[in-house]
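Peer 1: What follows is the residue order along each chain.
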Amino acid sequence: MKRKKEKTPQRKSKDAHYFKPCVNASILSSMTPPPSSHPPIPPPIPVDTHPNRSPNSTSSRTPEDRVPDPDRLAPEDAYFAPSLSRARSAPTNYDDTLRSLNGDANLHPPRGVLGADPHRKDVRKLGAGRRRRKGAWKKLLWVKQSYPDNYTDTETFLDHLQRNPRVRPYDFWPLVSDSTVIVQHVCSVVIFVCCFVDIVQDRVSPVSVVCWGSVGTAVGWILWDNWIWKEQTDLSNINGAFGGDDGSSSSSVTSTANPSTNDTQANGTKDSPIHGLGLTMAANSSKENLPHQSPDRNGHIGGAVDPTARAGLSSAPSSAVAGEIDAQDIDRSPLFSSRNRQRLSTVKSAFLIYFALLGLSPILKSLTKSTASDSIWAMSCWLLIMNIFSFDYGSGEGAGATKFPASLSTNAAVMASTVLASRLPSTTHVFSLMLFSMEVFGLFPIFRRQLRQKSWTGHVCLTLALVIIAGGAVGMTMSGGWASAIIGSFLGGILTALAMGGCSWWLISLQKYKNVVIGPWDPARPIIRRHWN
Amino acid sequence: MPYNIAMVSDFFFPQSGGIESHIYQLSSKLIDRGHKVIIITHAYKGRTGVRYLTNGLKIYHVPFFVIYRETTFPTVFSFFPIFRNIVIREQIDIVHGHASLSSFCGEAILHARTMGLRTVFTDHSLFGFADAASILTNKLLKFTLSDVDHAICVSHTCKENTVLRASLDPLMVSVIPNAVVAENFCPLSYTPRTHDQIPISPADPRPSPTPIGPDDTITIVVISRLFYNKGTDLLIAAIPRILASNPNTRFIIAGSGPKAIDLEQMLERNVLQDKVEMLGSVRHEEVRDVMVRGHIYLHPSLTEAFGTVIVEAASCGLYVVCTRVGGIPEVLPQHMTTFAKPEEDDLVVATSKAITALRSNKVRTDRFHDQVKMMYSWRDVAERTERVYQGIIGDISPSEFYGHYPEQGWDLSGDRVRSFALIDRLKRYYGCGVWAGKLFCLCVVIDFLIFVFLEMWFPRANIDIARSWPKKQPMDKPRTHTIRNNRT
Numbered sequence: 001m002k003r004k005k006e007k008t009p010q011r012k013s014k015d016a017h018y019f020k021p022c023v024n025a026s027i028l029s030s031m032t033p034p035p036s037s038h039p040p041i042p043p044p045i046p047v048d049t050h051p052n053r054s055p056n057s058t059s060s061r062t063p064e065d066r067v068p069d070p071d072r073l074a075p076e077d078a079y080f081a082p083s084l085s086r087a088r089s090a091p092t093n094y095d096d097t098l099r100s101l102n103g104d105a106n107l108h109p110p111r112g113v114l115g116a117d118p119h120r121k122d123v124r125k126l127g128a129g130r131r132r133r134k135g136a137w138k139k140l141l142w143v144k145q146s147y148p149d150n151y152t153d154t155e156t157f158l159d160h161l162q163r164n165p166r167v168r169p170y171d172f173w174p175l176v177s178d179s180t181v182i183v184q185h186v187c188s189v190v191i192f193v194c195c196f197v198d199i200v201q202d203r204v205s206p207v208s209v210v211c212w213g214s215v216g217t218a219v220g221w222i223l224w225d226n227w228i229w230k231e232q233t234d235l236s237n238i239n240g241a242f243g244g245d246d247g248s249s250s251s252s253v254t255s256t257a258n259p260s261t262n263d264t265q266a267n268g269t270k271d272s273p274i275h276g277l278g279l280t281m282a283a284n285s286s287k288e289n290l291p292h293q294s295p296d297r298n299g300h301i302g303g304a305v306d307p308t309a310r311a312g313l314s315s316a317p318s319s320a321v322a323g324e325i326d327a328q329d330i331d332r333s334p335l336f337s338s339r340n341r342q343r344l345s346t347v348k349s350a351f352l353i354y355f356a357l358l359g360l361s362p363i364l365k366s367l368t369k370s371t372a373s374d375s376i377w378a379m380s381c382w383l384l385i386m387n388i389f390s391f392d393y394g395s396g397e398g399a400g401a402t403k404f405p406a407s408l409s410t411n412a413a414v415m416a417s418t419v420l421a422s423r424l425p426s427t428t429h430v431f432s433l434m435l436f437s438m439e440v441f442g443l444f445p446i447f448r449r450q451l452r453q454k455s456w457t458g459h460v461c462l463t464l465a466l467v468i469i470a471g472g473a474v475g476m477t478m479s480g481g482w483a484s485a486i487i488g489s490f491l492g493g494i495l496t497a498l499a500m501g502g503c504s505w506w507l508i509s510l511q512k513y514k515n516v517v518i519g520p521w522d523p524a525r526p527i528i529r530r531h532w533n
Numbered sequence: 001m002p003y004n005i006a007m008v009s010d011f012f013f014p015q016s017g018g019i020e021s022h023i024y025q026l027s028s029k030l031i032d033r034g035h036k037v038i039i040i041t042h043a044y045k046g047r048t049g050v051r052y053l054t055n056g057l058k059i060y061h062v063p064f065f066v067i068y069r070e071t072t073f074p075t076v077f078s079f080f081p082i083f084r085n086i087v088i089r090e091q092i093d094i095v096h097g098h099a100s101l102s103s104f105c106g107e108a109i110l111h112a113r114t115m116g117l118r119t120v121f122t123d124h125s126l127f128g129f130a131d132a133a134s135i136l137t138n139k140l141l142k143f144t145l146s147d148v149d150h151a152i153c154v155s156h157t158c159k160e161n162t163v164l165r166a167s168l169d170p171l172m173v174s175v176i177p178n179a180v181v182a183e184n185f186c187p188l189s190y191t192p193r194t195h196d197q198i199p200i201s202p203a204d205p206r207p208s209p210t211p212i213g214p215d216d217t218i219t220i221v222v223i224s225r226l227f228y229n230k231g232t233d234l235l236i237a238a239i240p241r242i243l244a245s246n247p248n249t250r251f252i253i254a255g256s257g258p259k260a261i262d263l264e265q266m267l268e269r270n271v272l273q274d275k276v277e278m279l280g281s282v283r284h285e286e287v288r289d290v291m292v293r294g295h296i297y298l299h300p301s302l303t304e305a306f307g308t309v310i311v312e313a314a315s316c317g318l319y320v321v322c323t324r325v326g327g328i329p330e331v332l333p334q335h336m337t338t339f340a341k342p343e344e345d346d347l348v349v350a351t352s353k354a355i356t357a358l359r360s361n362k363v364r365t366d367r368f369h370d371q372v373k374m375m376y377s378w379r380d381v382a383e384r385t386e387r388v389y390q391g392i393i394g395d396i397s398p399s400e401f402y403g404h405y406p407e408q409g410w411d412l413s414g415d416r417v418r419s420f421a422l423i424d425r426l427k428r429y430y431g432c433g434v435w436a437g438k439l440f441c442l443c444v445v446i447d448f449l450i451f452v453f454l455e456m457w458f459p460r461a462n463i464d465i466a467r468s469w470p471k472k473q474p475m476d477k478p479r480t481h482t483i484r485n486n487r488t
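Which chain is which? The protein sequence lines are A and B, in order. Counting from 1, one number per residue, gives the positions in the first sequence under my numbering. Counting from 1, one number per residue, gives the positions in the second sequence under my numbering.
Hints were generated in silico from the structure; no laboratory data involved. Just to be clear, a hint being listed does not mean it is correct.
With a straight-line Cα cutoff of 27 Å, these simulated DSSO-like cross-link-like pairs (lysine-lysine) come out [unchecked claim]: (1) LYS512(A) / LYS438(B); (2) LYS373(B) / LYS138(A); (3) LYS373(B) / LYS144(A); (4) LYS275(B) / LYS259(B); (5) LYS514(A) / LYS438(B); (6) LYS139(B) / LYS514(A); (7) LYS144(A) / LYS362(B); (8) LYS58(B) / LYS471(B); (9) LYS275(B) / LYS353(B); (10) LYS139(B) / LYS512(A).
Pulled from the structure, derived: some chain B residues nowhere near chain A, Cβ distances all over 12 Å [to be verified]: (11) SER16; (12) TYR52; (13) ARG69; (14) GLU183; (15) ALA237; (16) HIS284; (17) GLU285; (18) LEU449; (19) PHE453; (20) TRP469; (21) LYS471.
For each residue, glycine too, the CB sits at the ideal point set by N, CA and C.
Chain A with its partners taken away, still in its complex shape (with noise of 0.2 Å):
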């Protein structure tokens, strides 16, 4: 019964001789694990014994018997040629190498892949076999055969059965490496309520926060800013190197990709130039559009929105970027100027942020204001995990698309500084809470990605400095005082590395569980090559 528990997955085709013997216990036992009262599962047939099987039975079946013939060639073969060469070839080599091994053929070769025709074998046994022995047993039902029904033929049952066919088995560093995302993203709402908490208990002044928070916002902008330029001035190399100086192609490119990258954006720009610099003006227009149509929320999104929108520019379909930059290359003055343009509206919009957020702060206020405190630390307590749970963890790139959309996250934060934030004292703490929230759980994120693409030292040096400073809030908040701030960090390092490797290694241990047993019962996939719709 135990022998489940030891069992690695392993593909079946690999290790079908010795799989196939213990069918009965194992596989069935595998099902669920049952317990020691359990009543005797049967012994496994042994497959030496059995009539097909026993040695002079083998010793008459010639190899013809059991493999199709290779020169013989059946209409089917044209497409079917290459799960059949495969399902020819391997029992061949299979069947010599153990035969001399084993001197018996009792651990008999794999069949084949799933997709290998086992009828036409079967037929094709049945042929040979009318003509040579009576007995073989088929798996057909249109045939009379002298078998009860009952019959289990030890050699075809389950033959087509694959266990674990698509897993993937982690790694233990990958895996660690992997997690990091996922504390970095931990950490910041951690240092998000310890700030909140040291602002309620006038520990902290929320002006110095968001001061800080605000510092460190304009110093990523400003990385960021460059990384952006870089990879555009690389791109437009590339592009050069193309040789791609032809004015009308490219503008031709730009306004053929020009609909299908601003779909998102939706207004103002389906009549924009058909010019490459067109482009950025018309992202720029409507980027500027969106904190006046509902400035309490969006305003935060139309920040957030300024930088992806770029980032999905710069990795959008490179024909776009190329057409546009192609178009940036034939006149170099408006270039720096639209760079700079586009800096000025970043900044316009940022201030933008900070004023509508200055003149709801007193709405903000008094929104939740008559909620009772014990429900305002439930809600905000399910929001942040709701954030952290749903938070879109993967690279941003290629088809990781998450179950839940990214805006859940972000909104599930921003609402639960919002409740927060009714338990401020005055305004100031308001506008700062909710300003430094908007940095932490809408910016951060995005230049969090940007950094892990850009560099791994970077990343892994942001994630060290996350705990760290996560780790020292949650003891100044504790006690007070450096020293416990300084234990803090100390603990929450060792902790986070302890988790970090104790989850992933528990996941690793955890695939040795995984069971999936796929067979011919369940139902096929269809291969469609167009849709009609």
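With the hints as your guide, set chain B onto chain A.
Peer 2: The following block gives chain B in isolation, referenced to the frame of chain A:
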């Protein structure tokens, strides 16, 4: 020795379908063999109480709460009192449940074992292991089958599936295929061959009745419910390409379902209305009339335990093109079918190949009917089911029934002959899982207590014995009724 058999399933006429007709055909053929068969199902709209069908087949329509698609609500115990009453009234020896999704069947098997009856279960469908619904169904199936005496599956693939799902001993699972009533599915120009017309040479002297010319229209028939798992997406993708690459080809599609809209949209987009005829859903009796209008039957299903419809199509003299999924490869011989992978490209290639083969008149579809008649018949199914009954009752010795090969050298006694002792039953249920095992044991104990309670409050002596349907003495078994009288 004739038995009194109760077939229990949620699914029976007036609803129509594969399981329903399976139960009916099997029951009537068993009655022909001298057994007494009753069917217990839940009440359908306007059909409550006891009904009789042809040949004295008695149906009990038990009023019960139906939740979803004619499946009753699984109340583990509430079926017991009336079930016990019916079983005692009809002197049932064997309870035979059908279909794993039927909660009636599962409950009946549990109660029957509590009452000390032998049980058989027939599985008609395939289930995966991955999704949540399958996991739940498999757990319930395990509960049902932990204590069953024998299981029957309709194909070898189905047997492998059931053995894995319910952790059964493979020797306790028999494979008995479905069958067709070949007389109901004969080709248009079919002259029944009498016995004195036995051909002298193996080659049939009759010429192929209507050779298909190179320009004649080939009609492809598809009869299936238009659901995802029936492969309608494949069909939708393949039809335009088949029609484009093979001129003089027509389609007839019968059936309805959620994918019908997609199909119609495809027809409109490709302007194929004159080449594809959509009939909507057809009744089972009309299936033959639709089939005989065509030459090829296309079956693009994605999962199928047996695929009775392709046997029906072959019986109608149609060449079959089908996907190689589930139990389908076991069903028909090579010369009647062309297999395709469940892929659009392969389906198109296989259909084109089938059309070419028919145009070159290489396929003797006119012989299919007689061949299918030889392969599948309900009489054969009933005989094989009867052997299962004999095995579990003990009329065939366990060593003969289970251990066909005495030289195999492993213990024949095992756990196959399931004892009725409560402690043995509890042991079997306990092995079903860490939590489920204990829960199942609890259910079994409660069921046993209910049984004791019922025996005290509604004693057997107060239940009338129903009279058997008056029946002519079967010619080959003259001792039937004397034995019956001795036993009662």
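Peer 1: Taking the hints in turn, state whether each one holds.
Peer 2: Here is how each hint holds up against the structure:
1. Pair hint LYS512(A) plus LYS438(B) holds up; C-alpha atoms about 26 Å apart against a cutoff of 27 Å.
2. Distance check on the hinted pair: LYS373(B) and LYS138(A) sit about 20 Å apart at the alpha-carbon level, within 27 Å; holds.
3. With a C-alpha separation of about 13 Å, the suggested pairing of LYS373(B) with LYS144(A) holds against the 27 Å cut-off.
4. Distance hint between LYS275(B) and LYS259(B) is fulfilled; the C-alpha atoms sit about 19 Å from each other, no more than 27 Å.
5. Note on LYS514(A) and LYS438(B): the hinted pairing holds, with a Cα-Cα distance of about 24 Å set against a maximum of 27 Å.
6. As the CA atoms of LYS139(B) and LYS514(A) are separated by approximately 18 Å, the hinted pair is consistent with the 27 Å bound.
7. About 26 Å separates the Cα atoms of LYS144(A) and LYS362(B), which keeps this hinted pair within 27 Å; it holds.
8. Taking the CA atoms of LYS58(B) and LYS471(B), the gap is about 14 Å. The hint holds against a cut of 27 Å.
9. Of the supplied pair hints, the one linking LYS275(B) and LYS353(B) holds, its CA atoms being roughly 20 Å apart against a limit of 27 Å.
10. Between LYS139(B) and LYS512(A), the direct Cα distance comes to roughly 22 Å. Compliance with the 27 Å bound is thereby established for this hinted pair.
11. Interface exclusion of SER16(B) from chain A stands, the closest Cβ pair being 24 Å apart, more than 12 Å.
12. Even its closest Cβ contact with chain A, about 31 Å, leaves TYR52(B) beyond 12 Å, as expected for a residue assigned away from the interface.
13. Against the 12 Å criterion, ARG69(B) stays outside the reach of chain A, whose nearest CB is about 18 Å from its own CB.
14. Interface exclusion of GLU183(B) from chain A stands, the closest Cβ pair being 19 Å apart, more than 12 Å.
15. Look at ALA237(B): its CB is around 5 Å from the nearest CB on chain A, not clear of 12 Å, so calling it non-interface is violated.
16. HIS284(B), annotated as away from the interface, keeps every beta carbon of chain A farther than 12 Å; the closest lies near 22 Å.
17. At roughly 25 Å, the least C-beta separation between GLU285(B) and chain A is larger than 12 Å, which holds for a residue marked as non-interface.
18. With 12 Å as the threshold on Cβ separation, the claim that LEU449(B) sits away from chain A holds: the shortest Cβ distance comes to roughly 22 Å.
19. Consistency note on PHE453(B): stated as away from chain A, and its beta-carbon is indeed over 12 Å from all of that chain's, at 28 Å minimum.
20. Listed as outside the interface, TRP469(B) is consistent with that label: its C-beta sits roughly 29 Å from the nearest C-beta of chain A, beyond the 12 Å cut-off.
21. With a least beta-carbon separation of about 27 Å from chain A, LYS471(B) lies farther than 12 Å from that chain, consistent with its non-interface assignment.
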